[in-house]
Every structure is written in structure tokens, then in C-alpha cells.
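Asks: Listed here are the chains, written in short residue letters.
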Amino acid sequence: EAAVTQSPRNKVTVTGGNVTLSCRQTNSHNYMYWYRQDTGHGLRLIHYSYGAGNLQIGDVPDGYKATRTTQEDFFLLLELASPSQTSLYFCASSEQGYSGNTLYFGEGSRLIVV
Amino acid sequence: GQQVQQSPASLVLQEGENAELQCNFSTSLNSMQWFYQRPEGSLVSLFYNPSGTKQSGRLTSTTVIKERRSSLHISSSQITDSGTYLCAMVSNTDKVVFGTGTRLQVSP
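Listed in order, the protein sequences are those of chains Z and S. All the letters of the first sequence, read from the start, carry residue numbers 1 to 114 under the working numbering. All the letters of the second sequence, read from the start, carry residue numbers 1 to 108 under the working numbering.
Chain S with its partners taken away, still in its complex shape:
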């Protein structure tokens, strides 16, 4: 089965609204990473977050390792936030597994 489940699969927001993206893992993990994929396809690392909470501007990532989950909070969304958000887990055997992503669309 899918080791990394992301939810929601897609999300439509009005500009200024907040978003909460979830990542759940079916196996024990060592750490995890959040990526943003631009509409044209390129990937950007947002957070490497093995545990706890990290913030960068309007983005906040919280990982709870023992509950096998991580979240990405986007506050005051902007049109330029549109794209796909991917999470990836690093297992205890150093294997990386990606989720299938949350597709975000922010409208004016």
C-alpha cells in the first residue's frame, strides 16, 4: 500500500485564506522533507523537518515523528503559492518515499 498519504489531493483557495496540508506515513520514519513543485514542473525544497516545528515566512511545517505525520501550514495564501506540494519521508533504512502531492490553486 501507499506508504505516504497526502491530503487533500487538491485544494482551491481564495487569496488570503489559510491552508493546512497533511502528510501521513504508514511506516516509521527517520525524517521528512516538504517540496513545492511549480506549475511548469521544477521542484523547490521548502523544509527539511525531522521533528518539531519550522517556519519560513508564511509557511510552517510541523512533524510529529512518533505519530508518523507532518503538516504544512500556508497562511495568507497568494496566487503565486499555486502549484503542487509534495512530502517525502526518509525511512529508518535511509529509503526515501514521496507522496503523490496536494495540488493547490489560489484564486484572486
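Okay, chain Z solo, but in the shape it has when bound:
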């Protein structure tokens, strides 16, 4: 079973604050993803990466930056947090791209922006 670990699990910040969500996977997967989950929208892709130093834009990237520092580590950065970014964030990894490969998710990071 792939291991994907997220931190922090819960975070409260103020509007305009700076937040970094961390994700580490320990199964040598090439692809890593950041999603947000909101009621009525399901999971939506923010950014993804297919290797260290690579970054691809997802479907809802506005207000987010991401960085893949190593094969294991993928970070999501909110430099000026807004209440609309209050959400449940998931990191996921897969060996290759989506086709033919299972996505493995972390436990989720719940962010509240007040």
C-alpha cells in the first residue's frame, strides 16, 4: 500500500496569511497531485507534478503555488490566503500518469481561513 503523508492535518489562518501544506510519498511514485474538496464540487485538481522540479497547472490553480522539491515531497503554497480557500486539501500520488494507474491519497489537510 502506497504511503502518502500530509501535514498539517488541520490549520486555521487569517485572511492574507501565508500557508504551506506539505506532502510526502514514500513509494517512489513519479506523479503527485494536489486536490481540494468542497461540498457540491467533488475533488478538483489544483496542481500536479511528474517529477522533481516539474510543475503542471490543474483546473483550479488561482491563488495557489506549488513546488516539487524531490521525488518524495510536494508542497502547496497559499501566499495570501482568502476565505474562499477554506477547504479540505488532498495530496495524491501515482506511479505514472492517471491512465492505467491507481491514485493513492493522503489523509487530507483541513484548512480554515477566517
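Misleading hints may appear alongside valid ones.
Pairs of lysine to aspartate or glutamate residues, derived as EDC-like cross-links and limited to a Cα-Cα distance of at most 20 Å, are as follows [stated by the list, open to error]:
hint	chain 1	residue 1	chain 2	residue 2
1	S	K95	Z	E95
2	S	K54	S	E67
3	S	K95	Z	D62
Only some residues are given here: those of chain Z computed to face chain S with a beta carbon under 10 Å [said to hold, decoys possible]:
hint	residue
4	Y33
5	H41
6	G42
7	L45
8	D59
9	F90
10	G108
11	R110
Treat the hints as calculated values from the structure; they're not laboratory data. No residue lacks a Cβ here, since even glycine has one placed at the ideal position from N, Cα and C.
Model the placement of chain S on the given structure of chain Z, informed by the hints.
Replies: Chain S in isolation, oriented as in the chain Z frame:
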């Protein structure tokens, strides 16, 4: 419009009853995956099922690609099956789209 429609949106069962969850896709898909989301939020992959039928214990997934649909059958439901079931499609352009889920509650 919504590319992935899940039904029903919510379902309440008595323990021991069976459930059939549906996922319909509005575009051509390459494959699809079923996930279970625990009440506290964590996600678990149930099936990666590009086509045909797969079974794991009390769970059976059937995908018919050309009809753009997939189903998840839960037999002899248990209280621990409670949670949200999500399907996700992988399009021909390698894009993944998730449905909004079926919330299942199993009562004793």
C-alpha cells in the same frame, strides 16, 4: 455541465441490505476508479476498473465503457461501510474528473 453524475446522492440502508451505486459520464472515458471516503475524510481506493467486472470481498464494480457508466455493488452492507463513495473518470486526454459522491449510511 457536470461530467460525472453519481446516484443516488445519499442512501440509508439497514445492515445486511444490498446497495447499488451508479456513476454516469457525459464524455468518453479511458478508465475509471472508485474510492471510499471515511467519515473523518480520508480516501481509500476501492477499484481501478477500466472495463468489465471486478470483485473484492462484498464489493463488485462493473464498468461499461461504451455506455459511459460504472456501478458499485455492495452486498450484505455493514455499519462500517458508512461513508461516501466517489467515482472518478479518466478521459481520453488523461484528465481526471471526480463525481460529488454517494453518501451511504448503514444502520443496525
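Asks: Now tell me, hint by hint, if it's right for this structure.
Replies: Results for each hint:
1. Straight-line distance between C-alpha atoms of K95(S) and E95(Z) comes to about 16 Å, which keeps the hinted pair within the 20 Å bound.
2. At most 20 Å may separate the alpha-carbon atoms for a hinted pair to count; K54(S) and E67(S) meet this at roughly 17 Å.
3. Distance hint between K95(S) and D62(Z) is fulfilled; the C-alpha atoms sit about 18 Å from each other, no more than 20 Å.
4. Given the 10 Å rule on beta carbons, the hint for Y33(Z) holds: about 8 Å separates it from the nearest Cβ of chain S.
5. Among the interface hints, the one on H41(Z) holds; its C-beta lies about 7 Å from the nearest C-beta in chain S, closer than the 10 Å criterion.
6. Among the interface hints, the one on G42(Z) holds; its C-beta lies about 4 Å from the nearest C-beta in chain S, closer than the 10 Å criterion.
7. Residue-level restraint check for L45(Z) holds (minimum Cβ-Cβ distance to chain S is 7 Å; threshold 10 Å).
8. With a cut of 10 Å, the hint placing D59(Z) at the interface with chain S holds, because the nearest CB-to-CB distance is about 8 Å.
9. With 10 Å as the threshold, the beta carbon of F90(Z) comes within range of chain S, its nearest partner Cβ sitting at about 7 Å, so the hint holds.
10. The restraint placing G108(Z) at the interface with chain S holds, with a minimum CB-CB distance near 5 Å, inside the 10 Å limit.
11. Interface restraint check: R110(Z) against chain S, minimum CB-CB distance 7 Å, threshold 10 Å, status holds.
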